[in-house]
Amino acid sequence: MLFNSIHFLVFFLVVLALNQALRRWPTAQKLMLLGASYYFYGQWEWHYLLLVWFSTLVDYAIALRLPKTPRPRRLVVLSVIVNLGFLAVFKYANWLIATWNGGVDLLAAPAWHVTPIDLLLPVGISFYTFQSLSYTIDVYRGVLPPRRNLLDYALAVAFFPQIEAGPIVRAREFLAELDGDQRIAFGDVKYALVLIALGYAKKLVFADNLALVADPVFDHPAGLSFAQTLLGVYAFAFQIYCDFSGYTDIAIGCALLLGIRFPKNFDYPYAAQSIQEFWRRWHMTLSRWLRDYLYIPLGGNRRGDARTYANLMTTMLLGGLWHGANWTFVIWGGLHGAYLAFERAVLARLRWWNAANPFATALRVAVTFHLACFAWIFFRARDLAGARAVLANLAQAPAGADGLGGLVLLLGAMFASQQVGARMHYKERIAASDGPLFAVALAAAMVAMVWFAPTHTAPFIYFQF
Amino acid sequence: MLRKLLVLAAPLALVLVIEALFAAGAWEPFAEPQSHAGTSLDLEHALRDPAIGRIDYVTIGSSRPEYGIDHALLATHAERLGRTHADLTMPGTHWTSAGVLARWLEREHPEVRGGIIALSVQDLAFAYNGYYELGILQPFRRVDDLGWIAARIPFAMHDVASYGVVSALFAWRDDVRAFVAAPTQRKEHIEWRNSHRDPRHLLFGNPESHGDMCRWGVDGLAACDRLEAATDDDSAGLRRQCRELRTRAADAPDFAAGRAAAELPAFMSNTRDRVRAQLEGMHWPTPPVVILMPMPRIWNDVLGRGQHEWALQILQPLADAGRIRLLDATAFFDADADRGCGSFFDFYHQNAQGRERFTRWLLPQLQGLLYQDATGTPASPAPTLDRPRP
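Going down the list, the protein sequences come from chains L and U. Oh and the first sequence: position 35 is 35 in my numbering, straight run, nothing missing. Oh and the second sequence: position 369 is 1369 in my numbering, straight run, nothing missing.
Check each hint, because a few of them may be wrong.
List time: in silico DMTMM-like cross-link candidates among lysine to aspartate or glutamate, alpha-carbon distance up to 20 Å [unchecked claim]:
#1 U/LYS1004 / L/GLU428
#2 L/LYS30 / L/ASP215
#3 L/LYS190 / L/ASP434
#4 U/LYS1004 / L/ASP434
#5 L/LYS190 / L/GLU428
#6 U/LYS1187 / U/ASP1042
#7 U/LYS1004 / L/GLU277
#8 L/LYS264 / L/ASP305
#9 L/LYS190 / L/ASP179
Calculated from the model, a selection of chain U residues having no Cβ within reach of chain L, i.e. all distances over 12 Å [as the list claims (entries may be wrong)]:
#10 GLN1034
#11 ALA1151
#12 HIS1158
#13 ALA1182
#14 ALA1229
Simulated from the structure, these hints should not be mistaken for lab results. We put the beta carbon where it would ideally sit given N, CA and C, even for glycine.
Here chain L stands alone, though its shape is the one from the complex (with noise of 0.2 Å):
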């Protein structure tokens, strides 16, 4: 089922009653709510729906296991085995098979070739399985006491608002939720209505339309212009930030106005001045999880500049990879990786490029923007080649502007309001405005839902990782 759609409006107003009548009855609150999330799910395909039960099985019987075993890590090894098991046949074994036959057709032996395997990638399995490690690793680690619950544990891995693509809530942090308060004051509601207007709105209004633009430079990038795919290659950043943040935003409103809060997932990360600070600002619960579950046990930045250098680029590889399974997405995750390398090896170490005057700052956020940028390049292609071919336009002198004026005001209005965003903190004044500033917005995100969404919206980006 698709957030984007008149059959989601109905359901979640369906299941936001049925929540309100039911929480005098926590438990059959939550038979609710979990029953509603299968159903979520299952809309897109329901045999997928075993595959979500087996893991919940697992890591709950694993996890309850935990703290009688002598042996306890063998059971979190299992766990890993078994979740990133899943990942490896649904989403990489394809991808390895292509990657083995190409190898094998360059040895000229075709004999060796595999026969790729015929499977559909179940929707959100990248979210979910991360979801449910965090919580057999953290009954390891002794931070979470192993849930003597399945309901409540069922329902945090696939509790509908961040099953299909996150945020990757971690486990306590769900289960703290379902422990604590769940009634929303008047603020939270507001805040949530918010959420879910500016949601819609950056993914209705401008990512769908962003992506008319980005889409030619990445589909069909023969004989564009510098300026055509420069500006292709902005509007694709956009786009990803505003179909991506603004599925977020959804969910989260969604699950508040269920009584469920949910950590932040981004902070304007087009303000960031550095790689190190885009990572504290975009895909944060990613980012968070890749720190304590890959970074940090690989040893952080605790053992020497070259083990601190390897652990990210080991880590940010690996982030690269959970998105997809293409070579781009390596190259995307080992861009990053080596960025954060070099600012920890050389950027942090210049004087001038960490004063604090503003024209330092804003070189900064200009050069962090367009590192980012470059990297999006890869991530959007569908292939090397495609990431090649908008690389060799880009390679064009700059040419080639006319009628694109319109296009440049629009970009540097959302770069711009970046800045302002991470300042001003908008969303959190428009709910708390007790004059008609909330009305207004709402209602202008509203009208410019009818406006300017496109006829036919796609589904968010991040539903195919």
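Based on these hints, arrange chain U on the given structure of chain L.
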């Protein structure tokens, strides 16, 4: 609690206020003059002009009669009779937009005595022609037209284009988007339109048309073969029409088979019932004169089998009952020595020569069918007219 509910409801209330403002015409001054809605707005503006005064007869129809009838000639003739005859034809007008316009006239110009409903055989294939009609009727619709419109233009949840049936914000969607994409161009178009507005010319004059089709012929789709072999820019528009004609020919239903079937196909019975109900529902003192406009011979290759006969089958009973006056001019130019090519400037529309010839033939017919109350002569008996000879 009430205050909280009001705060939560305020955004929706504000959207409803904006919707009401749009339904009341708040966007109309900014609409693109060259759009369907812009054309309708110009017409509405002209009809409301105090200098125009009373209107006795009207011509309603699409671009075929817009170009195919000499409205200046009709206006002059009506003026001699002490009457006014206004041209309300607009490109794209079809049954629903024509109906909303007629309803608007009942409210705003109740003095209208009668008029011409000018269409073509093609317009009787289906009672519904596409969501674009919402643009044409938007300036003329009022709140109480909603049910009438919704019964004729289907609302489809999955199709945003249909939301304009129920919402003015959606009805103006394409226009607002075009405005945002090119605001300077819109401003120029509006300024030009405002400085060149001429209600009298709009209601009592003729559009310009140039050229004829004798270079290519209008005999059949072979004309399109010749066009498609050409590469000059001047005939690019004709080549576009050829693509439309070929698509229509390929998709044309078999009306003869439908008529012969034990049960009429639903789309044919729906069209028949809707068209008849609409014509019977017109409350002019004089029954409307329904004219099937001339079509060049190429349409013999394009229309569905039995489509002309089906059109007559829909309309003839109304003519027999005296509810309409029917003039079938479909083949008006067919017997010409040049086979009609000199009377059209494209595959749809007559040029000035064709327009004048046709109107000179039409005027005596109208004298008996429409203007008879201006001369005091009794109305003609309900005609069953053969196809006219020019």
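Outcome of the hint check:
{"no.": "1", "hint": "U/LYS1004 / L/GLU428", "result": "18 Å, holds"}
{"no.": "2", "hint": "L/LYS30 / L/ASP215", "result": "42 Å, violated"}
{"no.": "3", "hint": "L/LYS190 / L/ASP434", "result": "11 Å, holds"}
{"no.": "4", "hint": "U/LYS1004 / L/ASP434", "result": "10 Å, holds"}
{"no.": "5", "hint": "L/LYS190 / L/GLU428", "result": "9 Å, holds"}
{"no.": "6", "hint": "U/LYS1187 / U/ASP1042", "result": "16 Å, holds"}
{"no.": "7", "hint": "U/LYS1004 / L/GLU277", "result": "39 Å, violated"}
{"no.": "8", "hint": "L/LYS264 / L/ASP305", "result": "31 Å, violated"}
{"no.": "9", "hint": "L/LYS190 / L/ASP179", "result": "23 Å, violated"}
{"no.": "10", "hint": "GLN1034", "result": "20 Å, holds"}
{"no.": "11", "hint": "ALA1151", "result": "23 Å, holds"}
{"no.": "12", "hint": "HIS1158", "result": "9 Å, violated"}
{"no.": "13", "hint": "ALA1182", "result": "8 Å, violated"}
{"no.": "14", "hint": "ALA1229", "result": "28 Å, holds"}
Checked against the numbered hints listed earlier, the structure breaks hints 2, 7, 8, 9, 12 and 13; every other hint is satisfied.
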